[in-house]
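Participant: Residue numbers (this note's numbering), protein chains in the order written: chain A, 1 to 326; chain B, 1 to 500; chain C, 1 to 362; chain D, 1 to 316.
Hints are supplied without guarantee of correctness; some may be wrong.
[Unchecked claim] Pair by pair, the computed Cβ-Cβ distance ranges are:
#1 ARG343/C - ILE138/A: 50 to 60 angstroms
#2 ASP279/D - LYS320/A: 52 to 62 angstroms
#3 CYS148/C - ASN173/B: 22 to 32 angstroms
#4 ILE331/C - GLY164/A: 49 to 59 angstroms
#5 GLY89/A - ASP319/C: 25 to 35 angstroms
#6 GLU233/D - GLY89/A: 33 to 43 angstroms
[Unchecked claim] Facing chain B, from chain A, some residues (calculated, C-beta under 7 angstroms):
#7 ILE104
#8 LEU105
#9 ASN202
#10 SER205
#11 GLY210
#12 ALA214
#13 GLY268
#14 VAL269
[Stated by the list, open to error] If the Cβ cut is set under 7 angstroms, some of the chain D residues that face chain C in the computed set are:
#15 GLU37
#16 ASP39
#17 LEU46
#18 LYS178
#19 GLY182
#20 SER196
#21 GLU203
#22 GLY227
#23 LYS237
#24 LYS241
Hints listed in this document are in silico derivations from the structure and should not be mistaken for laboratory results. Ideal Cβ placement from N, Cα and C applies to all residues, glycine included.
As a plain string of letters, each chain reads:
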Amino acid sequence: MLKRLRFPIRYVPFAATVAVFIGAYAIGAISFKNFFTLRVFVNLFHDNAYLGIAAVGTGIVILSGGIDLSVGAVIAFTGMLVAKLTACGINTGLAILIALAVGILFGILQGTLIASFDLPPFLVTLGGMFLARGGSFIINEEALSILKNPVLDFIEDNLQLSLGNGVYLECIEVVYLIVLLCGIVFTQWTPLGRRIYAIGVNEQSALLMGVPVARTKIMAYGIAGFCSALAGIVFTVYLKSGNPLNCIGLEMDAIAAVVIGGILLTGGVGYLLGSLFGVLTLGLIQVLIMFQGNINSWWTRIIIGILVLLFIFMQNLITKLSDKKQ
Amino acid sequence: MDILRTTGISKSFGEVQALKDVDFSLEAGEIHALMGENGAGKSTLVKIITGVYQPTNGSIWFDGADRRLNSPQEAEQIGISTVYQEVNLLPDLSVTENICLGREPRKFGFIDWKAAKERARKALAKLEVDIDVSANLASYSIAIQQLVAIARSLDVECKLLILDEPTSSLDENETHQLFQIMRHLRDQGLAIIFITHFLDQVYEVCDRITILRDGCKVGTFRACDLPRVEMVSKMIGKSAEEIDSMGHRDFSSSEQALGPVILKAENLESRGVVGPLNFELHAGSQVGLAGLLGSGRTETANLLFGIASHDAGHLEINGKVANKSTWNPRKAVKVRLALIAEDRKLTGVIPDLTVRENIILALQASKGALNQIPRRQQDQIAEEYIRRLDIKTPSPEQLLKNLSGGNQQKVLIARWLATKPELIILDEPTRGIDIGAKAEIEALTDDLCKAGMSVVFISSELEEIVQDCQRVVVLRDRRQVGELAGTDVTMKNILKMIAG
Amino acid sequence: MNNSQSLNFIIGITALLVCVASTFISGRSQKFRHLRWPLVALSLLFLYNLIFKPTFFALEITDDGYLYGSLIDILNHSSKIALLATGMTLVIATGGVDISVGSIMAISGAVAATVIVSPYSSLILAVFLALLVSTLAGLWNGILVAACGIQPMVATLVLMVAGRGIAQLITDGTIITFHHPAFNAIGNGHLLGLPVPAWLAATIFLIALALTRTTSLGLFIETVGNNRTAARYAGIAARKIVWITYVFSGFCAGIAGLVVCSNIKCADANHAGLYLELDAILATVIGGTSMTGGRFYLSGSILGAILIQALSTVMYANDVNPAVIAVPKAILVIAVCLLQSDRFRSRIMALPVFRKFGGEPC
Amino acid sequence: MKKYLSLLILPLLLLVSCKKADSSKTITVGFSQIGAESDWRKASTLSIKEEAKKRGIELKFSDAQQKQENQLKAIRAFIAQGVDVIALAPVVTTGWDDVLKEARAANIPVILIDRRVDVSEDGLYACYIGADCTEEGRKAGRWLIENVGKQAGIAELVGTVGSGPAVERKKGFEEAIKGEPGLKIIKSQSGDFTRSQGKEVMEQFLKSPERDQINVLYAHNDDMALGAIQAIEEAGKKPGKDIVIISCDGVKEIFRQILAGKANCTVECNPMVGPYLFDVVETYMRGETIPPRVIPHEDVFDARNITQEVIDGRSY
């Protein structure tokens, strides 16, 4: 009996998202020519890889019952850092490693403030956002391009796999998928991952059950920091430049993606795989609007708002229904 | 030989001194009861032994070495594991995880879920529980959850097992199962600290008893050398005679003519939850709701108070008919109904508000936001009830979270008495409350009845019901199976009905 | 010149002394504890200017007979944050958060401007409609949160995203410029020498204070924020309380929107109140209200607003690149919050150095 | 479980259904606009939309809301859609290499509007329409030298820090006045291209110790200038007299101010690029070679050449 009931309650929001994604995709395929092509599908991944990676980090933090608003700013910061370092003639690989290290440290710092002084995550990461954003302006006030860079060019020219008629599976979407996979394995099959869920469900109980709450939290934010930094690097590869104005407000997209993916903001409930469909759906909405091709900017905003709303409603509804069933 | 020795343990929270210089020792292979009123410091002592709190002074010796425990998992590592009073597990995670969290079996560094489930099943099997371990904990009853919690602590190699009020949400059989397990473990050389308010349970399983009062240790005794009455008097610092007088109530009130019907339920039902229910309650009398855990007692209370809405039948309180769709707590309060709910932590306590604010809350709510009770009056009310219920707090402005469980419960009772109710529903009012407070509350309810107030009394302790109620409604499997009145109200009859 | 310098200095010192004094007073009294650390920060800011930039304190009385100077600017510009923070405080106290206020500002401004330039141009109508619409926006949030039980942040995210779109829809994407003396007075006028926005903020603050403290609304809000189930069991209409706070927040945002739009004599749907919700939240938390809900401190939020604005004004005055202002802001916020956190204080105060400094954890 | 199955099937379906983009007769142009942040921007969008309608060209319009990532997505979408020409008003100058290469690979020409991009190799874009902001900066500088003279204390309201126009208009202006030691930029601070910021920053300028030396204001766009004018008036000074006001873009409102004597000069940056754009597009579709550079007609406006007619003639 329980076995049969368990499917809806646990997987419903996620399943709903998948359903809606497929639905939206079908609509696009029917109404626009050249929409139902491999290129569009691959572009979804290529254009949203950085968002996806950020969403993995955000997802983990949200599962731990926190929130991370610093994502966008950290992406911009790492971009600027890599650009600056390479401009200073430092080996690109090294620059990337440094950037990643900085990202992790940044996350750990935030985590420490939150965990060991119980400051509200919203606030600390907001501070982090200001810090990183300001920092990237201190590095350089205007965008820096990384042209003629052997490493990036190599990545671009060689690390790609042709799928026929001019469509390429490129490095960054692969990186995204790998990160996502690692994220899923991490959250579902490692003790630390489960601890993150545990403190997300109920910190007090988790503590009494012997979960090292503070350390786990710090870890979660560290991982998020890493993801943001990696997203920043992917974005830099994607743009071949760093720009302090990049990804303003991206954190909101990431959060939206995670929520749409069926992870509850209260923490402890949901699956990282959902974030994939959250990201793809957001991307899909944009592509649909672009294909439609004469929507005012304000309508774009309103439509996205409405769609987010629809998602939330549907999830609430379905979850309520399945609760009733139980 | 001793396995645990604490010397000169003291602990204070702000102005509240919870423990004063407590020496406590425990032998391997014994079941040791830790007794005391609420606020006596039992929970605090336990939390110190398990590393949740660090003592202000004093030292802990465990298993051959002095220990400085900074966290529960440090305690767990050296073999101290605990089952707390309120189920402290993770409802949104699976049973397996709740049992294995933090010590999952691994394969190449990854969790081996198959093995984990197996272990969970084994651990539960010891308690003769057989459930789907991959289902969410939330999908099981509190009793099961409690057993899962115990299973969790049995799952590790532990030398000292602490059971803090483990039986408060278990029914008879489950309790006896548990006791068997406890004895079994003791015989294997495990030391067990057992905290409970059920005296007979103490005498049933415990070898030694340590009594605390007001944060100080009164003494440690062999169970066989310590008569019940003496223990109680030591716990509450009152003489035996006083206690006798407290326990009894004169049945004159049952002889007095019944007042008008104040509560009338006809085929009252909420489908799939509880019902149909049929009973009446006369002003100035007590009706008991008897039944095993999960028999629908709390559900009934919620139905009457409008927490859950009934979808069939007729409910009339104080001459007001409760409308199916619109019946809610606010309306209930308006007709002079009050509910002191079972789950204090969740449904009653407002931790960050002061005692005063907590006391006047319901009264204020009934008056509505716009006509605020003048501050002076608020203080008077608070002072009055702190005195009447003998609530132990430094001042009315103390935050409620700094009070002990029993005193919190008293504050909640005060909150509802302040609304001058004519009908009050007491759902397990004495759960997790020591005998002293228990007697006080019983005495109080009697007085209230004498003063013309009616009481719906819910308790898993049949003695209480038999003693206090002229009329008992018996529930089984979320349905009303019968009603007893007057002289028929006896343990035997009730048990017969419950057993069915 | 010399004369005026000494005058600046005197003003500066008085300002500083006032701050320091109130710091100690608040430190002593149980009631205003939460104000202490923001006040310390403010004092430090003033001290810095007193030493390095006395002209910062320059105050003049213009020919039109109102005060003019950086201090007044702080008052003037902080008022819009203060307005938002007042509403935000109540929302946060119920355990929620409203990140749509910035967008609501834009909407309110757009509505007002559209009315002003329309044939039926009238101050009353413009203000009325703008406030009506923004209150409705608040109601919308309230319904999503209270009735549909959606997590506040997600619920308000919807309006945050869509709101600017709606505002642009109203203005048809243009920046509506208008010349309407009466309406301009809202953002630029002066009363008893002080700017009107400051008066507005003060009024709203007092209204909120009255609503929450002379009635039991405050108690109920704190109860709901602290333990919602218990509130319901105690017979409090938790839902109603929650959506009322969102409605009020929307209303405050509406007024803030009017102030901004009238201050620059145009409705800029894209930039009006952009990211201001963040400042409002910061102000609230700096003021000592916990983001998990429960106890709230309106006075603290106002002070927080002033502190945040003071910081950026000082930065402007010192020619700091606004893009970089984010950094000191972040540091300030974290610092104040650390000091507000009991755990941090108890750890720091444990150090012998701080023993005598009056910081026993409260 | 169905969900998962369909999930697996989806990519397969796609692989099967890959079809070449069939080209239709009507010209399709994809246009990626920066956003709708100002009247100026809106005007340029309008002019392109209307022109497209007039010429019966199908326009795929996409608003990036100030985000480069959105513009990249848009261009990829256009390529996938198989449009004939892509028009791009880049939000920043950097980071366009890859996507432009993709466009070239799909041999779709890209036309830049009102801002250049710096790319690693030439020929990544077919044509550039619009004056460069550096030139506008120079014009502003020259006007200052000719009309105000060689002695002045200048306050500068910079645009959004790091944004293309801000950087270039600053550069151009500084180039132009480099020769004149008498012209000093005393204050320079970002007003973020908005009126409110422009006003707030100007207020601070007017309270700074150097306030008395400021007699020229150079604002990177009209909106900031309009904000600053208010600030100056509130400070009890006369904009246009006590402080000469020069700004860029040339929107209706600033003309009114100039006519009223409250502002002095605005360097036009012509948003009405629609006609120019579609001329180029049509030449390309006819298979003729297209010019690498088209410069729309742009004026410098001051009290001498602004009349009511000019104002009424403006749509923005």
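Participant: Give a verdict on every hint.
Facilitator: Hint check:
1. Distance hint for ARG343/C and ILE138/A: a CB-CB separation of about 31 angstroms, inconsistent with the stated range 50 to 60 angstroms.
2. Take ASP279/D and LYS320/A: their Cβ atoms lie about 59 angstroms apart, and the range 52 to 62 angstroms holds.
3. Roughly 43 angstroms separates the CB atoms of CYS148/C and ASN173/B, a value that falls outside the hinted 22 to 32 angstroms.
4. For the pair ILE331/C and GLY164/A, the beta carbons lie near 53 angstroms from each other, so the given range of 49 to 59 angstroms is met.
5. Evaluation of the 25 to 35 angstroms hint for GLY89/A and ASP319/C yields a pass: the beta carbon distance comes to about 32 angstroms.
6. Between GLU233/D and GLY89/A the Cβ separation comes to about 52 angstroms, which falls outside the hinted range of 33 to 43 angstroms.
7. At about 20 angstroms, the closest approach between the beta carbon of ILE104/A and any beta carbon in chain B exceeds 7 angstroms, and the interface hint on this residue is violated.
8. With a least beta-carbon distance of about 25 angstroms to chain B, the hint placing LEU105/A at the interface is violated under the 7 angstroms criterion.
9. For ASN202/A, the interface hint holds, since its Cβ comes within 7 angstroms of a Cβ in chain B; the closest pair sits about 6 angstroms apart.
10. Because the smallest distance between the Cβ of SER205/A and any Cβ of chain B comes to about 4 angstroms, under 7 angstroms, the interface hint for this residue holds.
11. At its closest, the beta carbon of GLY210/A sits 3 angstroms from a beta carbon of chain B; the interface hint therefore holds under the 7 angstroms criterion.
12. With its C-beta approaching chain B no nearer than about 9 angstroms, ALA214/A sits outside the 7 angstroms limit, and its interface hint is violated.
13. The beta carbon of GLY268/A is positioned within 7 angstroms of a beta carbon in chain B (closest approach about 5 angstroms), and the interface hint is therefore held.
14. For the restraint placing VAL269/A at the interface with chain B, the shortest Cβ-Cβ distance is roughly 5 angstroms, inside the 7 angstroms limit, so the hint holds.
15. Below 7 angstroms, beta-carbon pairs count as interface contacts, and GLU37/D has one with chain C at about 5 angstroms; its hint therefore holds.
16. At its closest, the beta carbon of ASP39/D sits 5 angstroms from a beta carbon of chain C; the interface hint therefore holds under the 7 angstroms criterion.
17. A cut of 7 angstroms between beta carbons decides the hint on LEU46/D: the least distance to chain C is about 9 angstroms, and the hint is violated.
18. Because the beta carbon of LYS178/D sits about 22 angstroms from the nearest beta carbon in chain C, more than 7 angstroms, this interface hint is broken.
19. Against a cut-off of 7 angstroms between C-beta atoms, the interface hint on GLY182/D is violated, since the closest Cβ of chain C lies about 22 angstroms away.
20. The interface hint given for SER196/D holds, since its Cβ lies 5 angstroms from the closest Cβ of chain C, which is under the 7 angstroms cut-off.
21. With a cut of 7 angstroms, the hint placing GLU203/D at the interface with chain C holds, because the nearest CB-to-CB distance is about 6 angstroms.
22. The interface hint given for GLY227/D is met, as the beta carbon of that residue sits about 6 angstroms from the closest beta carbon of chain C, less than 7 angstroms.
23. The beta carbon of LYS237/D comes no nearer than 11 angstroms to any beta carbon in chain C, farther than 7 angstroms, and the hint placing it at the interface is violated.
24. Taken as an interface hint, LYS241/D does not check out: its beta carbon lies about 17 angstroms from the nearest beta carbon of chain C, beyond 7 angstroms.
Hints 1, 3, 6, 7, 8, 12, 17, 18, 19, 23 and 24 from the earlier list are contradicted by this structure; the remaining hints agree with it.
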